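Undergrad: Residue strings, one per chain:
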Amino acid sequence: MKPLELYVHIPFCIKKCLYCDFLSAPSAGEERQKYVTELCRQIRTYRKMAKAYHVVSIFIGGGTPSILEGEQTGAVFDAIHDTFVLDEDAEITIEMNPGTVTEEKLKAYHKAGINRLSIGLQSAENEELKILGRIHTYEEFLDTYRLARETGFRNINVDLMSAIPGQRLSGWEETLKKVAGLRPEHISAYSLIIEEGTPFYEKYGGGRDKLQLPDDEEEREMYRSTKKILGEYGYRRYEISNYAFPGYECRHNLGYWNRTEYLGIGTGAASLLNNRRWNHGEEPVILSIQEQMEEYMFLGLRKMEGVSKSKFAGEFGRGMEEVYGKVLKRMYGLELMEEAGDFVRLTERGIDVSNAVMCEFLLE
Amino acid sequence: MIAVAGIDQSKIRNFCIIAHIDHGKSTLADRIIEMTGLLTSREMQSQVLDNMELERERGITIKAQAVRIVYRAKNGEEYIFNLIDTPGHVDFNYEVSRSLAACDGAILVVDAAQGVEAQTLANVYLALDHDLDVMPVINKIDLPSAEPERAIEEIEDVIGIEAMDAPQISAKTGLNVEEVLEQIVEKIPAPEGDPLAPLQALIFDSLYDSYKGVIVFCRIKEGTVKKGTPILMMATGAKAEVVEVGYFGAGQFIPCDELSAGMVGYITASLKNVKDTRVGDTITNASNPCTEPLPGYKKVNPMVYCGMYPADGAKYPDLRDALEKLQLNDASLQFEPETSVALGFGYRCGFLGLLHLEIIQERLEREYNLDLVTTAPGVIYKVHKTNGDVIELTNPSNLPDPSEIEYMEEPMVKAEIMVTSEFIGAIMDLCQERRGVYDGMEYIEETRAVLRYHLPLNEIIYDFFDALKSRSRGYASFDYEMDEYVQSDLVKLDILINKEEVDALSFIIHADTAYERGRKMCEKLKEEIPRQLFEIPIQAAIGSKIIARETVKAMRKDVLAKCYGGDITRKRKLLEKQKEGKKRMRQVGNVEIPQKAFMSVLKLDDK
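Chain order of the listed sequences is Y and X. Residues in the first sequence are numbered from 1 upward in steps of one, following the numbering used here. Residues in the second sequence are numbered from 1001 upward in steps of one, following the numbering used here.
To be clear, the hints were calculated from the coordinates, so they are not data collected in a lab. Nothing here was measured: the structure is a model prediction, and the numbers come from that model. Backbone N, C-alpha and C fix where the C-beta goes; we use that ideal spot for every residue, glycine too. A hint or two may mislead.
In silico BS3-like pairs for lysine-lysine, Cα to Cα no more than 30 Å straight-line [claimed, not checked]:
| no. | chain 1 | residue 1 | chain 2 | residue 2 |
| --- | --- | --- | --- | --- |
| 1 | X | Lys1579 | Y | Lys309 |
| 2 | Y | Lys329 | X | Lys1226 |
| 3 | X | Lys1298 | X | Lys1272 |
| 4 | Y | Lys303 | X | Lys1573 |
| 5 | X | Lys1577 | Y | Lys309 |
| 6 | X | Lys1226 | Y | Lys210 |
| 7 | X | Lys1299 | Y | Lys311 |
| 8 | Y | Lys309 | X | Lys1272 |
| 9 | X | Lys1557 | Y | Lys228 |
| 10 | X | Lys1577 | Y | Lys203 |
| 11 | X | Lys1582 | Y | Lys329 |
| 12 | Y | Lys2 | Y | Lys130 |
| 13 | Y | Lys329 | X | Lys1526 |
| 14 | Y | Lys130 | X | Lys1526 |
| 15 | X | Lys1172 | Y | Lys177 |
| 16 | X | Lys1275 | X | Lys1226 |
| 17 | X | Lys1579 | Y | Lys326 |
| 18 | Y | Lys2 | X | Lys1573 |
| 19 | X | Lys1577 | X | Lys1545 |
| 20 | X | Lys1573 | Y | Lys227 |
| 21 | Y | Lys51 | Y | Lys130 |
| 22 | Y | Lys16 | Y | Lys51 |
| 23 | Y | Lys16 | X | Lys1275 |
| 24 | X | Lys1545 | Y | Lys210 |
So the derived list for chain Y, only partly shown, Cβ under 7 Å to chain X, looks like this [said to hold, decoys possible]:
| no. | residue |
| --- | --- |
| 25 | Met49 |
| 26 | Tyr190 |
| 27 | Ser191 |
| 28 | Ile194 |
| 29 | Gly197 |
| 30 | Thr198 |
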């Protein structure tokens, strides 16, 4: 049996954040119920395929999945348990926003087998939360966090966001310290990306308001200080934007970069099975060996440990040096990448310009 | 009076229309064609004689055109008008002069609001040089700003020809154009020549037709030519037998039995190459040749050179095909293969001038769908080597080592700039900056003067015209003619990107202006070259001496902070797009240079 990750997408939220370009929207209760029923039906259609796999992780992502009632979440997990074989120690995460969970809901999560919570906080400054169009305050987050701990959750992630309009380095450091002080097991620290089609793009995409965004230099300063501050609190950076106490790295997330097979269920979900990728509702695209090699590199390099040369050779029957020797040499020369035993990884400077580095690994 | 094949020579009028750009030359030609009923208004497309899309768009005439019109005059007689439209730009001066030589008179169109301009003068002098009778016409009298009296006065004072009874017309509305037609009959002399003498015909243009081969446009000065006549091109020595003769309808060729002295028409003779039929050459009868060719033939040589490279290297054969096709119709276009380290395979092309260059470039891009990278245009420098050899240098990369150079020469022009007095200072400054040598000034009226300067050709081929316009708020007009070569302190300016010389950016420049231009080029390149993974020094150098330097800092940030599993296809697309963007750039050493960076340095803002 092969390892499999499951991703379940819940495309509902209370109010869309101003920077959000994910498939998510406010909804009526009736609509949500219909969606959950359909989700459960779809999960059960995989019964036959499920026999070849054991599930190592589940991620319920959104939107704001915590918007569902406890019973609805329970129903989804009933369908999953009916269909798939789950590992004893499977990592099972649900995303939530402060203010959308009650003690009762958290207990229902526990019962369903959820053992990891991912709380979208973004900032410890209420002013910044307002700018982002978030629905909660920092105090409400604290309540949710305490409640989660009290209910017995021992693996919690907090999402934070840097480079918020108007944010300065000192404010960001303040947020990091406040949150790290709470000692969640995992912290995701992303920098804001202004995506086309969002209200933020309209406002900050160009023109004078753009100037409210920290410049590249300051933004990078924030990234560097993230590593430093979180390091002082015992967090280890294991991915471009992710930090964890040792042993608490998000396995589901790492699975994407390791190209573990995953099945996505729900409207905004993507899947990778048998070297075929597809987004919900689209035709699967078969990945050529070349594309697989490219993915191995540009996905794997998101991990701080980098990519393994021996694993590359084992998987593709060709050495990494043979395929990418020229690029690697150039990248070493520019000090954007380095070798560490069997691994090849980005340097600090390489992380800053990782897109430019990664696109070097696309073959002709 | 000799009757020729039913046509009375005294009833023929061969003329052209000359004017400063935008004074309404083509509009008047249209109106004449329309009013003589050659085309119904339905067939009438604006500016019939400008065939090419490009000509219509830019309002310039590139190739000479001719049309035959029948006009019934007020005296009841029918006249045959041969209107020969000439290219109106200094680049095509020689073609203009040959077209004029095919005429007996010229209509001079002067804008009632603008009055006499630089090209008006240049064109009139050219016409007078060819002993043409010049008949002035005042155009655009419908404009509110029209001052026909002033225009007449200027024509009489500045040019010195009678203009009191010049028709005052609006070619646009057709007002008084009838009067122009009547004056053509009265004022333009009928042609002369003996139809029985040995053939002597002047080529004033030729074009290539895939069915008929080369079609030669000519004016028969003496003798007669018809189907079967063995002909000889006296300068090129090409021989052929005439397949067809005829005259010019509007946009079509109408065959006829013969062309005889005084007539304007075309000859086809299964000639495959326009190079055999050079403008200005004399056609004679091979078995009964005339004793002397007509005067004035010269081989036109390109004045301005640049490298042209396909943006996509794989299109190199396409570029060659396109250039060959254009050359079929344009004997003055020259090209030969060259290789650049930065740009790959391309051609060094020679042009009559910058407009000619721009036209060819635009036609290659539009008609042949080619994306081009063009290097800085340069002139032909004469390099006198210490061993006594003289090299005509068209590509800066071929400049010998400085130790082998005794001295260098560059071509000069005599320029005439007509400008209102308030801008004289600004224009003089401009000419000084461009190393001009003042050669005199005359007031043509109280508020307007003609400035004369000797200018190096290489100083006016970049953006002189634009600078002239911007410093005179569009009021200055400009014309020039080629002058001799003079010794000059020239150097080769090289651009180094990341310490590597980029051959496509090298050019020859006067030592005094090298520093300034080097600095500007570095600044411009800094703007155009995107930040890359490492710091890139951009340097301008003369020999081993660095005279300017800029730095493109290393890219600070290019990272996708957030990436979900579901985003992998999107992430791939993003990376592919980024990679695609790099492909459109030129790789020089480790540095990627956008195509447009090569072009941007051609137009460096003056102020």
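Undergrad: Hinted pair, alpha-carbon criterion (30 Å max): X:Lys1582, Y:Lys329. Please report holds or violated.
TA: 19 Å, holds
Undergrad: Please check whether Y:Ile194 passes as an interface residue: C-beta within 7 Å of a C-beta belonging to chain X.
TA: Nearest chain X Cβ about 12 Å off; hint violated.
Undergrad: When you check the alpha-carbon spacing of X:Lys1577 and Y:Lys203, does it fall within 30 Å?
TA: Holds, at about 25 Å.
Undergrad: Checking one constraint from the list: CA of X:Lys1579 to CA of Y:Lys326, max 30 Å. Satisfied?
TA: At roughly 16 Å apart (the allowed maximum being 30 Å), Y:Lys326 and X:Lys1579 satisfy the hint.
Undergrad: Just to be careful, I want the Cα atoms of X:Lys1573 and Y:Lys227 compared with a cutoff of 30 Å; is the pair within it?
TA: 29 Å, holds
Undergrad: Holds or violated: X:Lys1545 and Y:Lys210, Cα atoms, limit 30 Å.
TA: 42 Å, violated
Undergrad: Against chain X, with CB atoms and a cut of 7 Å, does the hint on Y:Met49 hold up?
TA: 18 Å, violated
Undergrad: Could you grab the alpha-carbon distance between Y:Lys51 and Y:Lys130 and see if it respects the 30 Å cut-off?
TA: Distance ~47 Å between Y:Lys51 and Y:Lys130 Cα, so the pair is violated.
Undergrad: Given the hinted pair Y:Lys130 and X:Lys1526, is their alpha-carbon gap at most 30 Å?
TA: 40 Å, violated
Undergrad: Run the distance test for Y:Lys16 versus Y:Lys51: straight-line Cα separation, threshold 30 Å.
TA: 38 Å, violated
Undergrad: Quick one, are X:Lys1172 and Y:Lys177 close enough, alpha carbons at most 30 Å?
TA: Violated, because 78 Å separates the two Cα atoms, which is more than 30 Å.
Undergrad: Straight-line Cα separation of X:Lys1226 and Y:Lys210 no greater than 30 Å?
TA: Distance ~76 Å between X:Lys1226 and Y:Lys210 Cα, so the pair is violated.
The structure fails to meet hints 2, 6, 7, 8, 12, 14, 15, 19, 21, 22, 23, 24, 25, 28, 29, 30 from the earlier list, while all remaining hints are met.
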